[in-house]
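**Q** Residue strings, one per chain:
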Amino acid sequence: MTYYEKKPEKKFFEKELEDYRDSIWGCARCNWCQNQWGWNVKSAEYSEICPAFHEFRIFPYSGMGKMHMARALLEGDYDYEDAPEMVKFLYTCTTCGACEMNCQRMQDKEPLQVNEVLRAQFVRDGVGPMPEHRGLIKSVKNYDNPWMQPRTQRDRWARKVDIKDVSKAPAETLFFVGCTVAFDNTQWHVAQNTARIMKDAGVDIGMLGKKEICCGSPVARIGDRETFISLAKRNIDLLNSTGAKEIITFCPGCYRSLSMDYREIPDVPELNAKIYHTSQYYEKLIREGKIKFKNGQKKRVTWHDPCHLGRHCGIYEEPRDVLNAIPGVDLVEMERIKDQGWCCGGGGGARTAFMDFAQKTAVKRIGEAKKTGAEAIVTSCPFCEQNIGDALTSLDEEMEILDLTDLMVKAIDK
Amino acid sequence: MTLTSDLENILGPENVSSDPEKIKKYAADQSFVQPRSPDIVVFPQNVEQVQEVVNYANRTNTPVVPFSSGLNFHGAAIPREGGILMDLSQMNRILEINEDNWHCVIEPGVTARQLQDELEKHSLKAMLPAGIHPERSVMTSLLERDPAIASASFEFGNELIMDTELVLPTGELFRTGLWSSGVKPGSPMGPVRAMLNRLWTAAQGTLGIMTKMNIKVEYLPRKRKIFMIPFDSFPEAMPTLRAVQRKEIGHECFLINNFNSAAIACRDWTVADTFPAEKIPSKEFESLRTSLPEWLLVVCANGGPRRPEGKIAYEEKALQEICAAEQLQTYDNPLLSELFSEETLRPWGILKKFRYKGSVHDISFKTTLKRFPDFQRIVMELVNRYHYPLRDVGIFIMPLERGRAYHCIADFHCNHNNLPEIADVKNLWLEASERLIDEGALFDRPYGAWADMVYSRAGTYTQKLKEIKKEIDPNNILNPGHLCF
Chain E
1023 MTYYEKKPEK KFFEKELEDY RDSIWGCARC NWCQNQWGWN VKSAEYSEIC
1073 PAFHEFRIFP YSGMGKMHMA RALLEGDYDY EDAPEMVKFL YTCTTCGACE
1123 MNCQRMQDKE PLQVNEVLRA QFVRDGVGPM PEHRGLIKSV KNYDNPWMQP
1173 RTQRDRWARK VDIKDVSKAP AETLFFVGCT VAFDNTQWHV AQNTARIMKD
1223 AGVDIGMLGK KEICCGSPVA RIGDRETFIS LAKRNIDLLN STGAKEIITF
1273 CPGCYRSLSM DYREIPDVPE LNAKIYHTSQ YYEKLIREGK IKFKNGQKKR
1323 VTWHDPCHLG RHCGIYEEPR DVLNAIPGVD LVEMERIKDQ GWCCGGGGGA
1373 RTAFMDFAQK TAVKRIGEAK KTGAEAIVTS CPFCEQNIGD ALTSLDEEME
1423 ILDLTDLMVK AIDK
Chain H
18 MTLTSDLENI LGPENVSSDP EKIKKYAADQ SFVQPRSPDI VVFPQNVEQV
68 QEVVNYANRT NTPVVPFSSG LNFHGAAIPR EGGILMDLSQ MNRILEINED
118 NWHCVIEPGV TARQLQDELE KHSLKAMLPA GIHPERSVMT SLLERDPAIA
168 SASFEFGNEL IMDTELVLPT GELFRTGLWS SGVKPGSPMG PVRAMLNRLW
218 TAAQGTLGIM TKMNIKVEYL PRKRKIFMIP FDSFPEAMPT LRAVQRKEIG
268 HECFLINNFN SAAIACRDWT VADTFPAEKI PSKEFESLRT SLPEWLLVVC
318 ANGGPRRPEG KIAYEEKALQ EICAAEQLQT YDNPLLSELF SEETLRPWGI
368 LKKFRYKGSV HDISFKTTLK RFPDFQRIVM ELVNRYHYPL RDVGIFIMPL
418 ERGRAYHCIA DFHCNHNNLP EIADVKNLWL EASERLIDEG ALFDRPYGAW
468 ADMVYSRAGT YTQKLKEIKK EIDPNNILNP GHLCF
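Chains as they are written, first to last, in our numbering: chain E, 1023 to 1436; chain H, 18 to 502.
The set of hints was computed from the structure by calculation and includes no laboratory data. Keep in mind it's a predicted model, so treat the numbers as computed, not measured. Note that the Cβ used here is the ideal one computed from N, Cα and C, for glycine as well. Hints should not be assumed to be uniformly reliable.
To be verified - The list that follows gives simulated cross-link-like pairs (lysine to aspartate or glutamate, EDC-like), each with its CA atoms no further than 20 Å apart:
no., chain 1, residue 1, chain 2, residue 2
1, H, K334, E, E1357
2, E, K1360, H, E326
3, E, K1037, H, D117
4, H, K138, H, E359
5, E, K1360, H, E333
6, H, K334, E, E1339
7, E, K1032, H, D117
8, H, K201, E, D1044
9, E, K1296, E, D1184
10, H, K240, E, D1226
11, E, K1306, E, D1226
12, E, K1432, E, D1184
13, E, K1064, H, E338
14, E, K1064, H, D36
15, H, K201, E, E1097
16, H, K233, E, D1044
17, E, K1064, H, E343
18, H, K233, E, D1130
19, E, K1360, E, D1378
20, E, K1032, H, E343
21, H, K334, E, E1355
Claimed, not checked - Here are some, though not all, of the chain H residues that point toward chain E, as calculated from beta-carbon distances under 7 Å:
no., residue
22, P30
23, K264
24, I266
25, K296
26, R323
27, A330
28, Y331
Construct the complete structure from the given sequences, taking the supplied hints into account.
**A** This is how it looks when you write it as structure tokens:
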């Protein structure tokens, strides 16, 4: 069997640190987990790629540092008590995956996977996660959402929206709304826009309403595998029971869980439905002529690639195609885009535990966006919208943060 | 007891030869180094036999010259004081290929072709230097600091040697790196964190006989794409060469003149087995070197096991931006592109240049890019003075570690049967070497006449080196007469 023919022997959620021994030892300290590759560097200011290393400036915060931390733990060179700072090193990571993108491309190693396996080990051994994460996990366990909100509030966004509840009437396409959009009333517009666009395009769409539960992404990223696997199993049963042929999700965390992570759990059935991110679905509907934009709107915008949508799931072009299809919208790109994009700072539990750091990371992104001359940053992720939105507010910036659907709905309205 | 019978007792009669016909081939190579035959040739089969021969040589004060493949071209293995020539070509096993950590353990007789063929079965690639002969020992090539053709890439340009096992001139077995602590080889860092390996590089077998080496290899690119940018002169190519390195484009990158690119493309020629090579007149070569661009900047973007297309696309885009900024067009020649692509994997096509006149005498040195115009001026001045045709100078320039330095090879060709031509080229080669060293070109491989030029300019260093040699090799038995020993 050659180097290229090797198949992963285990699924990700059963892997332990030992399974990454070669990868961990193979870290060449080349530093490309911290930097953009030369061919992509446009300026020194935006030449870095790891938000945590950029902020804290010592190696344990980078992908490389995690590899060495993992090695020391693996070989017993030191134990948790020897370096209590390890938990902070581990959880400042936004799990943006930039380190893994560059490392896989150049050295064929997996620093983010190692980081996530380390987190799982920390949680299992009671060393992690950060105290701020414990409430989140408790909330997911008690309320099936990370926002400590009662289940009955989950469908409040849909009170004035014409959308089926699949527990009452079946639908071909199921909208998996996601906890953040469902409970954060500042983000209801995204769910409402989505339902509206789908309805206009003639899609037979429904939702789970109060029955929807967390996809498990927040707990998976924090390292609580047990809770994640339990949620995944419940979700698979629930989603398969609806009979929906397609599932669309807006939140990249949900999208990654449903399309990728559930498959990485051993001994669970597959989801029957085909999974789409909303941007993929919109692009398909535009191509099929089912979405027609009537109104031009002169707006210069820049697209912020959500890490869990872009680098994790490879969706870069569809949202850009949607933006380019809207009359009058002028898409201008930032320096760091697509698989070399800069994280907003809000992912992987970093915003929950290290708000200052998350905000500083978003401020950096806003600076990069302003350099393009754009009036608005457009994205398609509830956490990016929250984090960049908060930073814009604190900066008192005129620049807006918009969801992709905000521009779409304006262009569809008669 | 005689030398022959003593050595036959150690190695067995089948591994010893004093047949004048057989030992003649060890007396000379195609370089300007004075030929001299060894007294006897031995073929050890394992490290114990190497140790026994070295111990014997110490007892009898007999010179021992390690020899691996004889394809050095610079006289490094010519036994200047006779003695025992130790041909290590039969110790040619690849002992380990580690797919996960990209390294392998080889013996001195492992050749470039043998290693690459074997590594390809594991989807790996050897880091071979440009112009290595397919039958040349990989270990010797690495020891002689031939820079790998992927040296432009920062991470692969240096320190390809990890752990080593060698027999010291005293006969002791010595291991460096992790090997020294008795565990499996795998890291150049042993219990003593010093890159001791370097003492034996470019030492031409004067300080020990390397018997095993653990070397870095890399993954076989899943995809490769060659880009060529033509230039009319070397100074025109400099800004682009610098920009390409600054942007870190290409795993392999080199600048080649039309003599060398025509030699690679010439279908009338094959790589010779023996040197000096048989001269083959070729109309195709003449036509090619007229029609091909004066200079070609060759950049090979490759993609590894994961996401190869994305990486190549990034590099292509960055290269296009450089070309657009400097108003350059890429050169499209599918045949040449394929040959250069092959050259990045099996970099011996350029050796077809030996077919032009039979012998090639190169000046290879390292320098920074901005010094090249000075060196070019010196070479042109001398070429004119010696009436050597400028169009017959083959040039190959390769950036090291993203342009931190550049490795340059300038070739002068001569017909080995034409004594006046040999004399002219020798004088040109000697004077050019001397002048380039004076101007600050780095000659880090002190072969033949270069040794005197280099060591005579570094008194204290040379003195210290002699002291080290005396400490390691008190009887001066290993390859005496070479370097400053």
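**Q** Could you grab the alpha-carbon distance between K1360/E and E333/H and see if it respects the 20 Å cut-off?
**A** Roughly 16 Å separates the two Cα atoms, so the pair holds.
**Q** Quick check on K296/H please, does its C-beta sit within 7 Å of some C-beta on chain E?
**A** It is violated, given that the least Cβ distance between K296/H and chain E is near 42 Å, above 7 Å.
**Q** Assess, step by step, whether the Cα of K233/H is no farther than 20 Å from the Cα of D1130/E, and give holds or violated.
**A** holds (15 Å)
**Q** Taking only the CA atoms, is the gap from K233/H to D1044/E under or equal to 20 Å?
**A** holds (15 Å)
**Q** Does D36/H lie within 20 Å of K1064/E when you go C-alpha to C-alpha?
**A** Answer violated: K1064/E to D36/H is near 66 Å, above 20 Å.
**Q** Hint K264/H vs chain E: min CB-CB distance below 7 Å?
**A** K264/H check passes; min Cβ-Cβ to chain E is 5 Å, inside 7 Å.
**Q** Hint check: K1360/E vs E326/H, CA-CA at most 20 Å. Holds or violated?
**A** Answer holds: K1360/E to E326/H is near 14 Å, not above 20 Å.
**Q** Holds or violated: are the alpha carbons of K1064/E and E338/H at most 20 Å from each other?
**A** Cα-Cα ~11 Å, so holds.
**Q** For a C-alpha distance cap of 20 Å, please report whether K1032/E and D117/H respect it.
**A** holds (17 Å)
**Q** Can the restraint linking K1296/E and D1184/E be considered satisfied, given a maximum Cα separation of 20 Å?
**A** violated (23 Å)
**Q** Can P30/H be said to touch chain E, with a Cβ gap under 7 Å?
**A** violated (43 Å)
**Q** Hint check: is the beta carbon of R323/H less than 7 Å from a beta carbon of chain E?
**A** With a minimum Cβ separation of about 4 Å from chain E (threshold 7 Å), the hint on R323/H holds.
Of the numbered hints listed earlier, those contradicted by the structure are 9, 10, 14, 19, 20, 22, 25 and 27.
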